[in-house]
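Based on the sequences and whatever the hints tell you, model everything.
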Amino acid sequence: MADFTMYRPWLVALIIILANLAIVLLWMSIFAGNLGTYEYKSSDYVKITQPPLPVVQKEVGAHVELHCEAMGSPPPTIQWYKGPMRVTENESFEDNNEITDHTPGIAKVASRLVINYVLPRHQGNYFCVAAAGSEVVRKMTELVVPNAIGREMNFTQLVFRKIVGAHHHPRVTFWAPAYMDVMRSDVILPCKSVGNPKPVLTWFRPNGKEVTNDDKFEVMQDGELSIRSISWDDMGVYTCIVMNSVGKDSVETFLYPMQESK
Numbered sequence: 001m002a003d004f005t006m007y008r009p010w011l012v013a014l015i016i017i018l019a020n021l022a023i024v025l026l027w028m029s030i031f032a033g034n035l036g037t038y039e040y041k042s043s044d045y046v047k048i049t050q051p052p053l054p055v056v057q058k059e060v061g062a063h064v065e066l067h068c069e070a071m072g073s074p075p076p077t078i079q080w081y082k083g084p085m086r087v088t089e090n091e092s093f094e095d096n097n098e099i100t101d102h103t104p105g106i107a108k109v110a111s112r113l114v115i116n117y118v119l120p121r122h123q124g125n126y127f128c129v130a131a132a133g134s135e136v137v138r139k140m141t142e143l144v145v146p147n148a149i150g151r152e153m154n155f156t157q158l159v160f161r162k163i164v165g166a167h168h169h170p171r172v173t174f175w176a177p178a179y180m181d182v183m184r185s186d187v188i189l190p191c192k193s194v195g196n197p198k199p200v201l202t203w204f205r206p207n208g209k210e211v212t213n214d215d216k217f218e219v220m221q222d223g224e225l226s227i228r229s230i231s232w233d234d235m236g237v238y239t240c241i242v243m244n245s246v247g248k249d250s251v252e253t254f255l256y257p258m259q260e261s262k
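Everything in the sequence shown is counted per the numbering used here, starting at 1 for the first residue and increasing by one.
If you are wondering where the hints come from, they were derived from the structure by calculation, not from laboratory data. Hints may be right or wrong, so weigh each one.
Each computed DSS-like pair below joins lysine-lysine, with the alpha-carbon atoms no more than 27 Å apart [as the list claims (entries may be wrong)]: (1) 47 <-> 82; (2) 139 <-> 209; (3) 209 <-> 198.
Pairwise CB distance ranges, derived in the manner of DEER restraints [what the hints assert, rightly or not]: (4) 221 <-> 139: 24 to 34 Å; (5) 54 <-> 136: 18 to 28 Å; (6) 259 <-> 147: 16 to 26 Å; (7) 208 <-> 140: 38 to 48 Å; (8) 59 <-> 259: 31 to 41 Å.
Backbone N, C-alpha and C fix where the C-beta goes; we use that ideal spot for every residue, glycine too.
Following this line, the structure appears as structure tokens:
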């Protein structure tokens, strides 16, 4: 029997490309008049395509990640809220999903809310809020912490032992699995991450070469990859890898440049 082990990485890459191409074709049926062309529409659009689980139950001390995906135009942002309050970075909540700029393209984006050490005060309702231009949608999940009452008696000791100064595996918290825009546009591919020590971020091009800053590419301070004046040659899977002394994490973005319809 033939041994296909050596072909496995290529098969995995092909499956990823085909899956993202299916997303591209679906978007074209929604936004585009002809295959491979794109007619910019002024109306904003956003939809949460994979909401977080309705209920998540975790014991005190557990690690939890809430996951949410959305698609839209312009490329959406995702923020997390606990009740009416936006979740911000501190010893237990880690979130950094805001894009500072937009293009009129289309993107599928994904976000993780990472809580490295669940405490009773984390119990409550959380909202994944996706925004694209003027359009905003949200989905709720409830985080349940059993026997939460009275479990934070030794909170100060808990903080110093488990949270303050603790090393955490790096995780990408916001990225775009698929991104479409018209040729000659400038695009920004997000890759936000958390971890302690602070992760070191590296982008790789579809040909496997590490991205270095030049007139075409720029890795921005917050991890986003800026690509200027995209062309058909820029199509492919871009990989973002984040690493620290504890471990590493990686995500991929399939970039598809389109011909603008006339």
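Verification of the hints:
Restraint check for residue 47 and residue 82: satisfied, since their Cα atoms lie roughly 20 Å apart, inside the 27 Å limit. Proximity of residue 139 to residue 209 is assessed by CA-CA distance (about 38 Å); at most 27 Å being required, the pair is judged violated. A C-alpha spacing of about 24 Å is found between residue 209 and residue 198, which places the hinted pair at or below 27 Å, so the restraint holds. At roughly 31 Å, the beta carbons of residue 221 and residue 139 sit within the given window of 24 to 34 Å.
Taking the beta carbon of each, residue 54 and residue 136 are about 20 Å apart, inside 18 to 28 Å as hinted. Judged by the Cβ atoms, the range 16 to 26 Å given for residue 259 and residue 147 is violated: they are separated by roughly 59 Å. Distance hint check for residue 208 and residue 140: the Cβ-Cβ separation is about 41 Å, which falls inside the suggested range of 38 to 48 Å. A hinted range of 31 to 41 Å for the beta carbons of residue 59 and residue 259 is inconsistent with their spacing of about 53 Å.
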